[in-house]
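Colleague: Each chain is listed here by its residues.
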Amino acid sequence: MGDAEGFLGLSVALTGYDRASLWSTGCVPAYRKQLDAVAGPALADRLDHIGGMLGALPPGPAVDALIREEVLSDADLGPLARSLIQLWYLGQWTPMPQDWIDRNGAKREDTARIVSTRAYREGLVWDAIGAHPMGAKPQGFGAWAEEPPSETVR
Amino acid sequence: MSEMHYDAVIVGAGISGALIAKQLAAKGRNVLILEAGADGGAEASTYRSYVDAYHLTEVKVPNSPYPANPSAPSPSVLDVGPIAPGRPDTAGYFVQNGPNPFRSNYTRVTGGTMMHWLGTCLRMQPNDFRTRSAYGQGVDWPLSYDDLAPWYERAEWEIGVSGDKSENEFGGIHFSKDYDFPMEPIPKSFSDRWFEEGVRGMEVALPNGETKTLSVSTTPQGRNSTPRKGSYKVGGEKQPPYGAAGATGAYAFQGQRCEGNSSCVPICPIQAKYNALKTLSQALRQKGRVEIRSQSVVSKIETDGATGRVTGVVYKRYEFPGAPAWEMKRVTADAYVLATNAIENAKLALASGLCPTSGQLGRNLMDHPYVMVWGRAPRPVGPFRGPGSTASFPDFRDGGFRTKKAAVRLELANWGWNFAANAPYSDVARLVEGEYLFGPELRARLRDEVQHQVRIGIMPEQLPSALNRVSVNPAYRDSLGEPRPVLDYAVDAYSRAGVLQGMDICQQIFQRLGIENRSTYDPNDPGYVSEAGRGFVYFGAGHNAGTHRIGASRHDSVTDLDGRSWDHDNLWLVGCGAMPTIATSNPTLTMTALVLKAAAGLERALEGKS
Numbered sequence: 001m002g003d004a005e006g007f008l009g010l011s012v013a014l015t016g017y018d019r020a021s022l023w024s025t026g027c028v029p030a031y032r033k034q035l036d037a038v039a040g041p042a043l044a045d046r047l048d049h050i051g052g053m054l055g056a057l058p059p060g061p062a063v064d065a066l067i068r069e070e071v072l073s074d075a076d077l078g079p080l081a082r083s084l085i086q087l088w089y090l091g092q093w094t095p096m097p098q099d100w101i102d103r104n105g106a107k108r109e110d111t112a113r114i115v116s117t118r119a120y121r122e123g124l125v126w127d128a129i130g131a132h133p134m135g136a137k138p139q140g141f142g143a144w145a146e147e148p149p150s151e152t153v154r
Numbered sequence: 001m002s003e004m005h006y007d008a009v010i011v012g013a014g015i016s017g018a019l020i021a022k023q024l025a026a027k028g029r030n031v032l033i034l035e036a037g038a039d040g041g042a043e044a045s046t047y048r049s050y051v052d053a054y055h056l057t058e059v060k061v062p063n064s065p066y067p068a069n070p071s072a073p074s075p076s077v078l079d080v081g082p083i084a085p086g087r088p089d090t091a092g093y094f095v096q097n098g099p100n101p102f103r104s105n106y107t108r109v110t111g112g113t114m115m116h117w118l119g120t121c122l123r124m125q126p127n128d129f130r131t132r133s134a135y136g137q138g139v140d141w142p143l144s145y146d147d148l149a150p151w152y153e154r155a156e157w158e159i160g161v162s163g164d165k166s167e168n169e170f171g172g173i174h175f176s177k178d179y180d181f182p183m184e185p186i187p188k189s190f191s192d193r194w195f196e197e198g199v200r201g202m203e204v205a206l207p208n209g210e211t212k213t214l215s216v217s218t219t220p221q222g223r224n225s226t227p228r229k230g231s232y233k234v235g236g237e238k239q240p241p242y243g244a245a246g247a248t249g250a251y252a253f254q255g256q257r258c259e260g261n262s263s264c265v266p267i268c269p270i271q272a273k274y275n276a277l278k279t280l281s282q283a284l285r286q287k288g289r290v291e292i293r294s295q296s297v298v299s300k301i302e303t304d305g306a307t308g309r310v311t312g313v314v315y316k317r318y319e320f321p322g323a324p325a326w327e328m329k330r331v332t333a334d335a336y337v338l339a340t341n342a343i344e345n346a347k348l349a350l351a352s353g354l355c356p357t358s359g360q361l362g363r364n365l366m367d368h369p370y371v372m373v374w375g376r377a378p379r380p381v382g383p384f385r386g387p388g389s390t391a392s393f394p395d396f397r398d399g400g401f402r403t404k405k406a407a408v409r410l411e412l413a414n415w416g417w418n419f420a421a422n423a424p425y426s427d428v429a430r431l432v433e434g435e436y437l438f439g440p441e442l443r444a445r446l447r448d449e450v451q452h453q454v455r456i457g458i459m460p461e462q463l464p465s466a467l468n469r470v471s472v473n474p475a476y477r478d479s480l481g482e483p484r485p486v487l488d489y490a491v492d493a494y495s496r497a498g499v500l501q502g503m504d505i506c507q508q509i510f511q512r513l514g515i516e517n518r519s520t521y522d523p524n525d526p527g528y529v530s531e532a533g534r535g536f537v538y539f540g541a542g543h544n545a546g547t548h549r550i551g552a553s554r555h556d557s558v559t560d561l562d563g564r565s566w567d568h569d570n571l572w573l574v575g576c577g578a579m580p581t582i583a584t585s586n587p588t589l590t591m592t593a594l595v596l597k598a599a600a601g602l603e604r605a606l607e608g609k610s
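Protein sequences, first through last, are from chains S and U. Just so it is clear: in the first sequence, position 31 is 31 by full-length UniProt numbering, and no numbers are missing. Just so it is clear: in the second sequence, position 491 is 491 by full-length UniProt numbering, and no numbers are missing.
Derived by calculation from the structure, the hints in this document are not laboratory data. Incorrect hints may appear among the rest.
Said to hold, decoys possible - Just a sample of chain U residues kept apart from chain S, beta carbon distances all over 12 angstroms, derived: (1) 70; (2) 81; (3) 146; (4) 256; (5) 286; (6) 351; (7) 436; (8) 503; (9) 511; (10) 522; (11) 553; (12) 608.
To be verified - Derived list of chain S stretches under chain U, where covered just means 3 residues or more per stretch with a C-beta under 8 angstroms from a C-beta of chain U: (13) 12–25; (14) 76–88.
Unchecked claim - Chain S stretches covered by chain U per the calculated footprint, using a threshold of three residues with CB under 8 angstroms from any CB of chain U: (15) 31–38; (16) 42–50.
Ideal Cβ positions, reconstructed from N, Cα and C, are used throughout, including at glycine.
All chains should be modelled from the sequences, with the hints used to inform the complete structure.
Modeller: Set out below in C-alpha cells:
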C-alpha cells in the first residue's frame, strides 16, 4: 500500500465531497483499510490506479464517464464502489452481493457494521441532507425552527 | 433471615419508583429501591457508553443504547413477528398469543423506560375521564379532570415541562390562572409552522356531521428550554421560580437547554430531556435514606393469608448480567410499592397470587397502536433537526364521533421518514444501489429527497378489554426462572375505525398543502391489519397501560384512587398500569400525576401507622 492518493481520488469522485472534507472526517485510514481488506490486493490495485487517474481530472463529464465505464459497471469493482459510497455516507459497510463473493471469495471483514462511533458521526449523509447526525453535532437550541439551509451544492 | 426493615420497599427504579422514593425521603422515610436491571446511567461513563452503543447499532430502535441483559431481559420491538393461530410467538422475551402482536417495549435498567421516552407531556381532556358516561365506551375514571388538575401541575413541575398554556387549552383542558408550566415552550419546528400556515382556517367535515377547524398546538415537553422567571402556584401552593434540573453525576454541567441532538428516542446525549435518573439523584439528597439496589430481580411478594397484608419481598440478586447463579434475599417494610411498568407489575403480582378480588389484574392492557402517514412536501421543510415531535393537531382528541370510533391525536413528526421508512439510510441505499448515483448528483438528490419528507403519526385511543391481558404460565420462564409475560392482544374495530378516520384527515391535509402521499403498508408486516377493506400497519407507541387500574370499587378495579391495593392493605401498585383508559395523550404525565397522588396517600398511611 502506498499513500492514500488513489483512495482519495476515488472517494472524491464517488462521494461528491472534496479532499479536505473527506480528510477532516478522520476516517480515511479506517475506510481505506476496510475497502482494501474486502477487495484483496488485485482489485485494490485496480481501484487505486483508477483513483489516481480520477484525482488528476477536473470534475465533470470525463470523471463521470470514467467512473461509469471502469468502476460502476465492472462486476468486480462496481459492488466495491457502491459499498464505499455507502461507507462514506453512513459510516457503515454494505456486504458484497453473492455473485461477487462467488467470484472473489468471502472475506472476514465483509460484514454489515458501523465501523466506529466516529464513522457514524462523520457520515456524509447528514451534511448532504442539510441536517446533523442524530445524537451528535447538535445545531443549538431552536435551530429546528429556522428555515432549512440552502440547497446549493458546491 | 431478614435484612434491615424499611419504611417502604419500592420495586423498580424508573420514574414512578424514583418519585415515590423522593417524596417519602423528603419526609425522612427510609426507602429501599430494588431494580432488576444492571446498575447504570448514573455514572457518566455508563451514560456515555449508552450513547456510543446507540451510534454503533445498525438498527436504531428504542432499546439500542441499553445493553441486553440475560438476567433481566427486556422486550425488543425487533422480536415482533407474525402469530399463527394457536401457536404463540416466543421468539423474544414476550410470549405473544395474539391475535395481533403487542409491538411496544420497555427497558429494565436503572432509570427505566424513561431513558428512551420522547418527552411528550400532554394532559388528558375532561371527557377522557368519562368516556362511558359521555360516549358509552370504555370506563369512567373514579376522578375527574378537575380532581387531577392539581396533580398535573405538580407532575409538570417535577418533570420540568416546557409548554404554552394558551396553545393547550383545547377540548376542555384548562389551567389555573396563577399557574404556568415551569419553562417556556420548546419552539415549533419549521415544518410545524409550515403545516400551521397551510391549514389555517381549514375545516374538516367528519362523516358523523361534526365539523372541526384544524389547529396546530405546541406540545408540552419534558425537556429543558428556559425556566419561567415568575413564581407560580403549583397544586395550590406558591412555589419559588423554577430551577431546571441538569444532568446527573459527573455530567451535571450538562443537561441545560435542549441543543437539538435529534435523538430523544432512544437517548438524549446531554440529558436535556427529563429522565428518571434526575429524580433518583434528587431522592438520594433528601433527609431520609434512599438505597438503590440494582441487579435485584423481585421474585415473590409474600402475603399473610389471614390479613392479606404483605409480609416481605423475596428477590434474586445476580452478580453481573448473565451470571449463572444468584443469591436469594428477602426484605421487609411497612409498605410495599410495585413500580416497574404495566406489564412487569402485573406479571409479578400475578406470579405472587396477589389482588384476586376484582379479576382485573393483568387485564385491560392498552397501548396506542401507532399508524403513520407520510409524503413529499412541495418545498424543503428542514427535517432531522430538533426533538422528534414539537406539535400536533389536537382537534380530533375528542368529539361526538367517539360513540363509534376512536379519538386520535395527529402528531407532526420532525425526523422525516426515519420511523416510517428508515430514512435517511434507505434513501442512500436506494439511490446508490438502485439508481447508481454517485458524486455531486447523489449529494443533490439526497438533499432533495430528504428535505421534502413529512410525516404525521396517528395515535388512536384503545379501549380497555378483559381479553387484552398479561398472564403467567409456568411453561415460560427466563434464565433466572422468573415468568416471562404472556400477552393476549388485539387492536379492535373501534381503534381501527379511528385510525381510518385519522388517515382520511391526513389525506385532506396533504391535498390542501400539495403533499404527495408516499405511505405504503406491507401486508406481510406483522402489524398489518385492515378495517372496512382498507389496510394499514400499526406499531407500538411504548405506552403500556391499564393492567392494574384504579377505581371506586374493589369489584371492578385493582387499587383505590391512590394506587393502594384493595386486597392488600400495605401494597401499592403505581405506573401506567393504573390508568383505566388511555385516551389520546402519551401517558407519562397522567401517570406521574397519579404517582404523586399515590405518594401522598402512602405517606399518610405511614403516618397513620406511626
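Colleague: Determine for every hint whether it applies to the structure shown.
Modeller: We went through each hint and held it up to the structure:
no. : hint  : verdict
1   : 70    : 22 angstroms, holds
2   : 81    : 21 angstroms, holds
3   : 146   : 34 angstroms, holds
4   : 256   : 9 angstroms, violated
5   : 286   : 31 angstroms, holds
6   : 351   : 37 angstroms, holds
7   : 436   : 6 angstroms, violated
8   : 503   : 26 angstroms, holds
9   : 511   : 23 angstroms, holds
10  : 522   : 22 angstroms, holds
11  : 553   : 47 angstroms, holds
12  : 608   : 47 angstroms, holds
13  : 12–25 : holds (count 5)
14  : 76–88 : holds (count 4)
15  : 31–38 : violated (count 0)
16  : 42–50 : violated (count 0)
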